[in-house]
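Chemist: Sequence:
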Amino acid sequence: MKKQKLLVIGGPTASGKTALGVELAKRLNGEVISADSMQIYKGLDITTAKPAPEEMQGIPHHLISIIPRSQNFSVAEYVSLAGQKIQEISARGKLPVMVGGTGLYLDSVVNGIQFSPEQEDLSLRQELFGRAETEGNAVLYQQLQKLDPEACEKIHVNNTVRLVRALEVCLRTGKPFTEYKKQNLSSEPPYQAIQLGLDYASRQELYDRINRRVFNMLDAGMLEEVRQAYEEGTVGTAAAAIGYKELIPYLKQQSALDDCIAMIQQESRRYAKRQLTWFRRNAQIQWLILSKNDELQEISEKAEKMIAKIENLCYNE
RNA sequence: ACGCACAUAGCUCAGGGGUCAGAGCACCGGCCUCCAAAUCCGGAAGAACGAGGGUUCGACUCCCUCUGUGCGUU
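With numbering that gives the first Met the number 0 applied, the first sequence covers 0 to 316.
Treat the hints as calculated values from the structure; they're not laboratory data.
One thing to keep in mind: the hints can contain errors.
Straight-line alpha carbon distances no greater than 30 angstroms define the calculated DSBU-like cross-link-like pairs of lysine-lysine that follow [claimed, not checked]:
hint	residue 1	residue 2
1	Lys4	Lys304
2	Lys308	Lys93
3	Lys181	Lys41
4	Lys93	Lys2
5	Lys181	Lys84
6	Lys41	Lys93
7	Lys4	Lys181
8	Lys145	Lys93
9	Lys41	Lys4
10	Lys174	Lys145
11	Lys180	Lys1
12	Lys301	Lys25
13	Lys308	Lys2
14	Lys93	Lys4
15	Lys25	Lys84
16	Lys41	Lys84
17	Lys41	Lys244
18	Lys301	Lys244
19	Lys181	Lys291
20	Lys244	Lys93
21	Lys181	Lys153
22	Lys25	Lys1
23	Lys153	Lys272
24	Lys2	Lys304
25	Lys291	Lys272
26	Lys180	Lys4
27	Lys84	Lys1
Label-pair distances were calculated between CB atoms; the ranges are [claimed, not checked]:
hint	residue 1	residue 2	range
28	Ala18	Arg280	22 to 30 angstroms
29	Glu300	Lys145	30 to 38 angstroms
30	Glu230	Pro148	45 to 53 angstroms
31	Glu230	Asn292	36 to 44 angstroms
32	Lys174	Asp218	50 to 58 angstroms
33	Gln125	Glu300	48 to 56 angstroms
34	Asp218	Lys181	18 to 26 angstroms
Since we're looking at a predicted model, the values are computed, not measured.
No residue lacks a Cβ here, since even glycine has one placed at the ideal position from N, Cα and C.
Taking the hints into account, I'd like the entire structure generated from these sequences.
Modeler: This is how it looks when you write it as structure tokens:
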């Protein structure tokens, strides 16, 4: 059976993924699936830079604003939801275009990662976090050493989050965490994915765009939006959104607005850097390197050519 | 106006009469398989220690003056 086609567009924040995604979807008869760990939640539309209705230009967008902020979403759920959407869109004879900055989500779908079938065990996880705090990471690390020595080589003692996760899987499934990873690495990718990456030729240009965009968001009413979300009570993952957590000190009257704004810009820049680190190691990505005055027209034409070239290669196989 | 503090890296701050004055943040790179806009690791670079004078074998460290900043008082 022939694999389904999937177009993937990744890149750092503020690189222009949204616009390119819509443009390519228009040209290639596609629908957009968002791959963004924050846009998945309801609310905070401006803060998380969700595409506005007019930006969508009639192209259907999926997996945006579908989870209440009181709930915690996860990659595993994303993979399953995105899989469904890909099926549906393909069944309609259209091209699924997965667009987003959450590299983990993108890669997990593209590589068909099978997460351990058991449901997450929040109480076990909480217990482990508690132990990490009271007994110290070293104790957990020693325990993991016995259950999955290979995982220990990859995980640093100070990295509580990963340490807990690895232990959690080992304890609940009775199998080493590493075993799941090995299975996944050897499994066949489920889609015929064409992956594009967006970046700017100069880091400074990207940073300038980020800084400007933060001001634009504020002009668009970000502060009010955050205030509302704050008053409603936002916790968990959604509360970690850049822009949200940085404005809280201002709302609590603990710091000046300008300081908070500078902090949003800084955190966004650092985030972009981490995103680039993630995407860079993916050898499958075809990079579109932009510079300051590029027009969306030329970019999408370039992208289209790239896609055609890759498709040709696939045919000849 | 008077009194008291402070003045050290781009920023916040340690330090101390005698080896090349330190750290955190920022910056750069990396890890990443169920919170990933999170978590974590590594690296490079960066300061004639506000200015001027004095004490001393030797001061960035002690003293004086000036400048700047902050706080307090009438």
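Chemist: Please go over all the hints and tell whether each is borne out by the structure.
Modeler: Consistency of the hints with the structure:
Between Lys4 and Lys304 the CA atoms are separated by roughly 16 angstroms; this keeps the pair inside 30 angstroms, and the hint holds. Between the alpha carbons of Lys308 and Lys93 the distance comes to roughly 20 angstroms, so the proposed pair stays at or under 30 angstroms and holds. The straight-line distance between the Cα atoms of Lys181 and Lys41 is roughly 35 angstroms, outside the 30 angstroms bound, and the hint therefore fails. About 14 angstroms separates the Cα atoms of Lys93 and Lys2, which keeps this hinted pair within 30 angstroms; it holds.
Distance hint between Lys181 and Lys84 is fulfilled; the C-alpha atoms sit about 27 angstroms from each other, no more than 30 angstroms. The suggested pairing of Lys41 with Lys93 holds, with an alpha-carbon distance near 26 angstroms, which does not exceed 30 angstroms. Under the criterion of a C-alpha separation no larger than 30 angstroms, the hint pairing Lys4 with Lys181 is consistent with the structure, at around 25 angstroms. At most 30 angstroms may separate the alpha-carbon atoms for a hinted pair to count; Lys145 and Lys93 exceed this at roughly 49 angstroms.
Restraint check for Lys41 and Lys4: the C-alpha separation of about 29 angstroms stays at or below 30 angstroms, so the hint holds. Proposed proximity of Lys174 and Lys145 is supported: the alpha carbons are some 12 angstroms apart, at most 30 angstroms. For the proposed pair Lys180 and Lys1, the alpha carbon gap of about 26 angstroms is at most 30 angstroms, so the pair holds. A hinted pair counts as satisfied when its Cα atoms are at most 30 angstroms apart, and Lys301 with Lys25 qualifies at roughly 15 angstroms.
Taken as a hint, the Lys308 and Lys2 pair is honoured in the structure, with Cα atoms around 18 angstroms apart against an allowance of 30 angstroms. Distance restraint check for Lys93 and Lys4: the Cα-Cα separation of roughly 10 angstroms lies within the 30 angstroms cut-off, and the hinted pair is therefore satisfied. Taking the CA atoms of Lys25 and Lys84, the gap is near 18 angstroms; set against the 30 angstroms cutoff, the hint holds. Distance restraint check for Lys41 and Lys84: the Cα-Cα separation of roughly 19 angstroms lies within the 30 angstroms cut-off, and the hinted pair is therefore satisfied.
Among the hinted pairs, Lys41 with Lys244 is consistent with the structure: their alpha-carbon atoms are about 16 angstroms apart, no more than 30 angstroms. Straight-line distance between C-alpha atoms of Lys301 and Lys244 comes to about 37 angstroms, which puts the hinted pair past the 30 angstroms bound. Taking the CA atoms of Lys181 and Lys291, the gap is near 42 angstroms; set against the 30 angstroms cutoff, the hint is violated. Between Lys244 and Lys93 the CA atoms are separated by roughly 38 angstroms; this puts the pair beyond 30 angstroms, and the hint is violated.
For the hint pairing Lys181 with Lys153, the CA-to-CA distance comes to about 14 angstroms; that is within 30 angstroms, so the pair holds. For a cut-off of 30 angstroms, the pair hint linking Lys25 to Lys1 stands: about 24 angstroms separates their Cα positions. A hinted pair counts as satisfied when its Cα atoms are at most 30 angstroms apart, and Lys153 with Lys272 qualifies at roughly 22 angstroms. A distance of roughly 21 angstroms separates the Cα atoms of Lys2 and Lys304; the hinted pair therefore holds under the 30 angstroms criterion.
A distance of roughly 18 angstroms separates the Cα atoms of Lys291 and Lys272; the hinted pair therefore holds under the 30 angstroms criterion. Straight-line distance between C-alpha atoms of Lys180 and Lys4 comes to about 25 angstroms, which keeps the hinted pair within the 30 angstroms bound. Of the pairs offered as hints, the one joining Lys84 and Lys1 holds, with about 18 angstroms between alpha carbons and a cut-off of 30 angstroms not exceeded. Restraint check, Ala18 to Arg280: a C-beta distance of roughly 26 angstroms satisfies the suggested window 22 to 30 angstroms.
The beta-carbon spacing between Glu300 and Lys145, approximately 57 angstroms, falls outside the hinted interval of 30 to 38 angstroms. The supplied range of 45 to 53 angstroms is met by Glu230 and Pro148, whose beta-carbon atoms lie about 48 angstroms from each other. Here the CB-CB span from Glu230 to Asn292 is close to 42 angstroms, well matched to the stated 36 to 44 angstroms. For the pair Lys174 and Asp218, the supplied restraint of 50 to 58 angstroms holds, since their beta-carbon distance comes to about 52 angstroms.
Remark: the range hint 48 to 56 angstroms for Gln125 to Glu300 is upheld by a beta-carbon distance near 51 angstroms. For the hinted restraint 18 to 26 angstroms between Asp218 and Lys181, the CB-CB distance of approximately 49 angstroms leaves it violated.
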